[in-house]
Amino acid sequence: MQNEASEGKAKASVLKDYLGQFARTGNLGFIAILAVCTVLPFVSNDYWALIATRAAIYWVLVSGLNLVVGYAGQLAIGYVALLTLGAYTTSVLVAGNVLPALPSFLALLIAGGVGSLFGVIVGLPALRLRTFYFAMSTLGFATIVTQIALAWQNVTGGGIGIVGPEFPAPFNTPWGFYTLCILFAIFSTWITHNIAHSQHGRALVAIRDAEVAAEACGIYKPYALVKVFVVAGMLAGVSGGLFATLQTYITPDAFTFELSVLFFISILIGGRGSILGPMLGTIILTLLPEVAAPLAAWSNFLYAVLLLIIVLVVPGGIGALIDFKNKRPLESDREIVPNINIFNNLGLNLPSKGSLVLRNIDLRFGALYAINGLSLEVHSGQIHGLIGPNGSGKTTTLNAISGYYEPNKGEMQFWGVELPPGLSHLRSGCGIARTFQTPKIVGEASVIDNVMIGAVKFNEASFIEVALSLPRHKADEVRLHAAALDMLSAVGLRELAYVRADRLQHSELRFVEIARALISKPKLLMLDEPAAGLSVTEIGRLGEMIQAISKAGVAVLLVEHHADLIFDICDYVTVLNFGKALASGSPDTVRSNKEVVSAYLGS
Amino acid sequence: MFETIFVSGLAMGAIYALVGISYNTMFSTSRVMSFTAGQVGMLGGVFGSLYMIAWGLPIWVGLPMVLLSCALIGVVTEYVAVRPVLKSLDQHLYVLSTLALALMIQQVTAIKWGTEPKAFPRLFNLGSDIWDEKFWIPVIACGLTIVALEYVYRYTLVGRAFVAIAEDNMAAQALGLPERNLRIVSYALAGAIGGLAGFSGGELILAFFANGAVLNFYGFVPVALGGLGNNKGAVLGGLALGLFQQAANFLVGGIFASVAVFTLFIVVLLFAPQGLFSSTSMRRV
Amino acid sequence: MHTWVPENLLQVKGVCAGYGKLNVLKDISIRVGAGEIVSLLGPNGAGKTTLLKSLSGLISLQSGEIEFAGQSMGSQSARNFVRAGLVHVIDGHRIFTQISVYDNLLLAGYNLDSTVRKERVEEALYFFPEIAEKRSELGGSLSGGQRQMLAVAQGLVRSPKLMMLDEPSAGLSPVLVDRVLGVLNELKSKGVAILLVEQLIEKALSVSNRVYALTQGKIVLEANAREVGLVAKLEAAYLGARS
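Residue numbers (our numbering), protein chains in the order written: chain A, 1 to 603; chain B, 604 to 888; chain C, 889 to 1131.
It cannot be assumed that every hint is accurate.
Said to hold, decoys possible - Heads up, simulated DSS-like pairs for lysine-lysine below, C-alpha to C-alpha not over 27 Å straight-line:
#  : chain 1 : residue 1 : chain 2 : residue 2
1  : C       : Lys909    : A       : Lys325
2  : A       : Lys580    : A       : Lys594
3  : A       : Lys327    : B       : Lys690
4  : A       : Lys440    : B       : Lys715
5  : A       : Lys594    : C       : Lys1106
6  : A       : Lys440    : C       : Lys901
7  : C       : Lys1091   : A       : Lys580
8  : C       : Lys914    : A       : Lys440
9  : A       : Lys594    : C       : Lys1121
10 : C       : Lys1106   : A       : Lys440
Stated by the list, open to error - Listed next, the stretches of chain C that the computed footprint assigns to chain A, with coverage defined by at least 3 CB atoms under 8 Å from CB atoms of chain A:
#  : region
11 : 907-913
12 : 931-940
No lab work stands behind these hints: they were computed from the structure.
All residues carry an ideal CB built from backbone N, CA and C; glycine is no exception.
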């Protein structure tokens, strides 16, 4: 009875926080823009209808590209290729050159499909190529599409061009078409907003800024990116179809590199990780040549200058400038005070007890043995310390367990099941979570967003449910939000939940990593030198926290240099040297072992 | 017919190779790939036409001026688009800053020089048919550049400093090498090499603002094929690309030749993301 | 610049340094006198390499002062530290493998006048006959021990007042370790001061005048190298105070 009431109160306060967030994420900006759009037909003429329609069409494409460039960080500069494809697809289908003429809306739908397909094709190299190479490949792709449009004369009309499709009444007048495009713009804003503010959006940002950590949290890059390529491609294809109608007649030289650059710059001016920012960016860049007519010839030059200024001076773009909540100063003498008693109520006490067992693990880099015949065990509720001089293989051992490296020999068993070698993105699902030697955090995201990245495996809603913001997605988010706040309360960072992570001190980031690891309710928690850079008080609190986590039933593998911490809290210690276990046993046994002492002292 | 393809393939290949070397030279001291490499190539042709046709200067004044102007553009690149982002933790800002600068260069050229290709002077009036100078000037320029660079890297102190910085930046710093000045010099050098590409190829590709984008891509392919930082690989890659492109042009026509080149590029990269001759690999974790 | 006493060739006061937000060194104060060999000992992760890097301009200070030969060094570039006479031989015996041994040494004297440079290179080679005979071979053909000697030779080309070495014995056989440490003694007799970071405690103590122990970013011990019971004290410092 008591539990239900407090649970209800907890849910209500979470909902209040969530709604507060809703108001803060710039939704007021969207409402303002929507208001302007609604009023526009009544206060201006056909000329401005065209300009506004153009901005809306560009935004349909840019909103999708925003997920690829702004959120996923993939520099796809040649996206005009998809605009071209969409435009020609609708025009050709409506003109009836290849198949019998199709109605415009059906053609538009097919253009969206074609866009999705090619969105994936253009995007796939991102999984293999480095940033610059990928950017180049998208440019090459854009050139090719234009060349094909030029060459395939009997279908596309070659250099002469082809008529753009018309839509049935009431969409065949300037303001009618304007309304159609605004509707599409609203739709694209809505679905990209939903995707961005979901586990999918957070996963993209994690891949962009903390890829290694993202894998440890169960995020599989190809899978995460392909979904976005499909959506972005679809929106670009639809945008292309609408563009063809706007132009009324398209030729290959309507699809210039400058247009691609405009889309790209809009996102960067607007700021990464924002929907409203790029929307404002698109509007500004579309309006610029109209408003400053004498500058029209120089407009492309100005876009480039703007891009340079943004990159050098305000890398966060407009989004960073309007991020008022992160301008409030933080207390400078903050202390991290974990709430130890909460740890028993976090759901960490899993019914199934078991262990991680490593037997005779060998891991070689070339001829060098990084790990040489290592065996160790970690059990539920136990803290196992792993220490040793630099280069002894401690972090390499964690990385092997995490699946970043594959052992050459030996076996790893987890709760009785063999751990598949490699496949680091599956570890989170198995129940293994970890922190890293240097905190791998998404600086531009809030603390709570960072923590929620750890819970990817608890998603129940499918991608479509997320995009359309169906009830199961909303329920997911509320639940996840609450869980993340609980974790932050436990580690003592509740007040900083909505602060941008790059404003936090180093020690706070370490605790955020621990919260992120715990939210996945792991069976095994691996900590890689969590005490590095912490003050003496903080190390004490860290120690208490690790003990509370262990008492709650989690198996803990702790790699550390701070001998004090190890000998204080560990139940069992293994000492590594040159990849081999030099000694293992209780802290006292290990400490008085002569070989250990001389390995450390190097005598 | 076959001879024309071969000779024009070599010539275009040499131009692409020089742009590739420009990319590599900028990369070696800064670990940055810059979008401006193709643009300096374009400027080599534009400045050449400007100085020698519009201003009527003879080649022994025109060429040094072109090289100096392009070297200056290289220095501007380092100062404006590269140095500010080297300090930042977000490594990929350099793609955007150099892209922005490249676009600025392209747009200014389009507006001031015009969007039509303009004539490039006939430099020596030598040869005809397959022995026409327009094919052989780029090839000779490329050969001379490679030889000169080898000399610089092996026999001058500055060249050996470049090699050192490219191999181990921190060791070079600790040794007291003036890495900032050396970086500026290497960017100036890269600018001059890019300018030479456009100048030596001027009789073939003329003085045309759109050359920038084309050279950016086609000059990058040799680098991708040969491995980043590998000048000899860039030359091999460039020549192979030039021959492949001209052959494809002849066999399937200009437009599908581009498709062929691009497909080749993607396929090679997907199989060997670090290039065919490279051996670098990076530790992620 | 002001006059300084030989004991304070290098004076470090209250230095805090780290990487980005990570604060590795906390309030470090040490000194090295002219003609001394001072060892800096401590467990891994204590911050020894970070300290050397902050003393040679490779990373910038978050706070504190460095005074070298009476000159306040503050936030100078590595190049200026080298010019002032403070040379840092980094860990991992990293030399340039694509150029010759002779060229490796020439580069070490990059900013010197060319005649002076050649003289200094010859002097440096004189210290290390093993590599003098390989002067025209590529750096990449040298063994680990020879590379370490080349790295030290590079440091010598600048005729430093103070040379800092980061784990010069790493990866070397005992014979080579003695050879390298022997060179340090010879340098000391030439008047060069040495700040030595080492893992091999007893070897380090055998050549040093004084020693500092660093753990968890703080100096926990300063002593004369000949002090009785020093090794036990160091053990306690390394493995935590609960002995």
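Hints, one by one, checked against the model:
A hinted pair counts as satisfied when its Cα atoms are at most 27 Å apart, and lysine 909/C with lysine 325/A qualifies at roughly 22 Å. Restraint check for lysine 580/A and lysine 594/A: the C-alpha separation of about 16 Å stays at or below 27 Å, so the hint holds. In summary, the hint linking lysine 327/A to lysine 690/B is supported, as the alpha carbons are separated by about 24 Å, within the 27 Å threshold. Between lysine 440/A and lysine 715/B the alpha-carbon distance is near 48 Å, which puts this suggested pair outside the 27 Å criterion.
Our distance criterion of 27 Å between C-alpha atoms is met by lysine 594/A and lysine 1106/C, whose separation comes to about 26 Å. For the proposed pair lysine 440/A and lysine 901/C, the alpha carbon gap of about 32 Å is over 27 Å, so the pair is violated. Taking the CA atoms of lysine 1091/C and lysine 580/A, the gap is near 25 Å; set against the 27 Å cutoff, the hint holds. Distance hint between lysine 914/C and lysine 440/A is fulfilled; the C-alpha atoms sit about 23 Å from each other, no more than 27 Å.
Between lysine 594/A and lysine 1121/C the CA atoms are separated by roughly 16 Å; this keeps the pair inside 27 Å, and the hint holds. Note on lysine 1106/C and lysine 440/A: the hinted pairing holds, with a Cα-Cα distance of about 26 Å set against a maximum of 27 Å. Counting residues of the region 907-913 of chain C whose C-beta sits closer than 8 Å to any C-beta of chain A gives 5, which meets the bar of three, so the coverage hint holds. Judged by the Cβ-Cβ criterion of 8 Å, the region 931-940 of chain C is covered by chain A as claimed, because 4 of its residues qualify and three suffice.
The structure does not agree with the numbered hints 4 and 6 stated previously, though it agrees with the rest.
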